[in-house]
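K.L.:
Starting from the known structure of chain G, arrange chain S on it as the hints suggest.
The lines below spell out each chain.
There are 2 protein chains.
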Amino acid sequence: MAPDNLNIEVIFTPSLYSARQIKENCAVIIVDVLRAGTTICTAFNEGVERIIPVASVEEAVLMKQKGYLVAGERNGEKLDFADFGNSPSELMSRDIAGKTLVITTTNGTQAIEMAHGAEIIATGTFTNLAYIAEWLTSLDMNITILCAGWRNTFSLEDTIFAGALTERLVQPQNRYVLYDSTIASLELWQQAKSGLFVYLQKSSHYRRLVKLGFQKDLDYAADLNTTRVIPVMENNYFKNIIK
Amino acid sequence: MAPDNLNIEVIFTPSLYSARQIKENCAVIIVDVLRAGTTICTAFNEGVERIIPVASVEEAVLMKQKGYLVAGERNGEKLDFADFGNSPSELMSRDIAGKTLVITTTNGTQAIEMAHGAEIIATGTFTNLAYIAEWLTSLDMNITILCAGWRNTFSLEDTIFAGALTERLVQPQNRYVLYDSTIASLELWQQAKSGLFVYLQKSSHYRRLVKLGFQKDLDYAADLNTTRVIPVMENNYFKNIIK
Chain G
1 MAPDNLNIEV IFTPSLYSAR QIKENCAVII VDVLRAGTTI CTAFNEGVER
51 IIPVASVEEA VLMKQKGYLV AGERNGEKLD FADFGNSPSE LMSRDIAGKT
101 LVITTTNGTQ AIEMAHGAEI IATGTFTNLA YIAEWLTSLD MNITILCAGW
151 RNTFSLEDTI FAGALTERLV QPQNRYVLYD STIASLELWQ QAKSGLFVYL
201 QKSSHYRRLV KLGFQKDLDY AADLNTTRVI PVMENNYFKN IIK
Chain S
1 MAPDNLNIEV IFTPSLYSAR QIKENCAVII VDVLRAGTTI CTAFNEGVER
51 IIPVASVEEA VLMKQKGYLV AGERNGEKLD FADFGNSPSE LMSRDIAGKT
101 LVITTTNGTQ AIEMAHGAEI IATGTFTNLA YIAEWLTSLD MNITILCAGW
151 RNTFSLEDTI FAGALTERLV QPQNRYVLYD STIASLELWQ QAKSGLFVYL
201 QKSSHYRRLV KLGFQKDLDY AADLNTTRVI PVMENNYFKN IIK
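Chains G and S, in that order, are what the protein sequence lines are.
Per our numbering: the first sequence ends with 243, consecutive numbering throughout.
Per our numbering: the second sequence ends with 243, consecutive numbering throughout.
Keep in mind that the hints were calculated from the coordinates and are not lab data.
Every residue gets a Cβ at the ideal spot worked out from N, C-alpha and C, and that includes glycine.
A portion of the hints provided could be inaccurate.
[As the list claims (entries may be wrong)] Listed next, with one range per pair, are the computed distances between beta-carbon atoms:
(1) S/Gln173 - G/Thr137: 41 to 49 Å
(2) G/Leu212 - S/Arg20: 18 to 26 Å
(3) G/Asn5 - S/Arg20: 29 to 37 Å
(4) S/Gln190 - G/Lys66: 46 to 54 Å
[Said to hold, decoys possible] These stretches of chain S come out as covered by chain G in the derived footprint (C-beta under 8 Å, 3 or more residues):
(5) 58-65
(6) 186-194
Bound-form chain G, shown alone:
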């Protein structure tokens, strides 16, 4: 396929992805910037070897019984049997380097499961924006940015990130066709970027997490390029392809 036929599509919620045919030559980037995505990037930044995402709590319990470290959350709160919740700060300075981590979350891991079957599945967040953008640019593939959202509704923060990633992909030279959803994401990002920390406070998910006491995690999640990692799916687990 000629480079000028490549496209970037933003899909705002997993249920819209499931209705679509899988595209050929397509990398799917899963986006859950306030939680799972940033937790995954942080874990790799701390030296974790593999991350196995599982969609259901039941699967996470089984993995815990098998001896795996588990990060698990539902509706913003840590699952009681898990070693960690879905909070990046919980993973810092813990003895997790070289280990395998199982993760299950309210929205993010459902989106990952939905993307099953795509040629490439990776995760992007503000904390690894520059690294994932540079890598995607080298791929010569169509790009689908799949936002995890919140319970299958549109979420502002994931959309803003989709716009940030699109901006990096179309500069300095745009070889991609942009879907309407991609144009909208890009425009929202261009409004947000000069004051990202403040802008994100408009998001209902952000406000929900502040109430749950995660302000520090939210500031961290909105900081650009702090984790030099590219989490990419291989078989049933993520690996960091930057070593």
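P.N.:
Showing chain S alone in chain G's frame:
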């Protein structure tokens, strides 16, 4: 329900609406600004008495056989058995005052069918923006703005309209809680409104219709408040509640 508990939610495609529970005390505004919505407003502006939306071509054929006037379109083109396509200009200065019109279109009439069961169903477009906004303000209801989109993907033009309607509803005093999708629509409209005709050219649906020769209809669809009508569903048909 206290007025300060009211909310405005924008839903970007019909398939996302179908997954949701019907809200109490809720008016659903169907949005398909470049085609069905504006065709319906124009027909009422020309004095049509009733508009019966049908989702399938088969139903439209049956209604034609029963003697109804039919406006029918699929993929932008007029259905061969129909009296009119989905083009507002076709309906102007025709002998349709006092008559009943049946309409079936690619996206808009599917969204109308999806909303079945809501307490109030109405259509809003740029051409009746001020009238529908004023009426909604008087209702004291939750508002769901359901964008028809294009084949169940996000469309820029319907979203921009959702933002325009939201802006009118929250001024001069905002008594509504806005969903993330509503905030995004409002911000996109605020970018678009100073040059709406040019902005809409970014929309893929707009470009598709220009190729099909509908430039004149598109200019008309982007003109504010030219049809003083409020199409509201009663039983299985729309009626203009401004007389």
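K.L.:
So, for every hint listed, does it hold in this structure?
P.N.:
Status of each hint after checking the structure:
1. S/Gln173 - G/Thr137: 41 to 49 Å: 47 Å, holds
2. G/Leu212 - S/Arg20: 18 to 26 Å: 24 Å, holds
3. G/Asn5 - S/Arg20: 29 to 37 Å: 36 Å, holds
4. S/Gln190 - G/Lys66: 46 to 54 Å: 52 Å, holds
5. 58-65: violated (count 0)
6. 186-194: holds (count 3)
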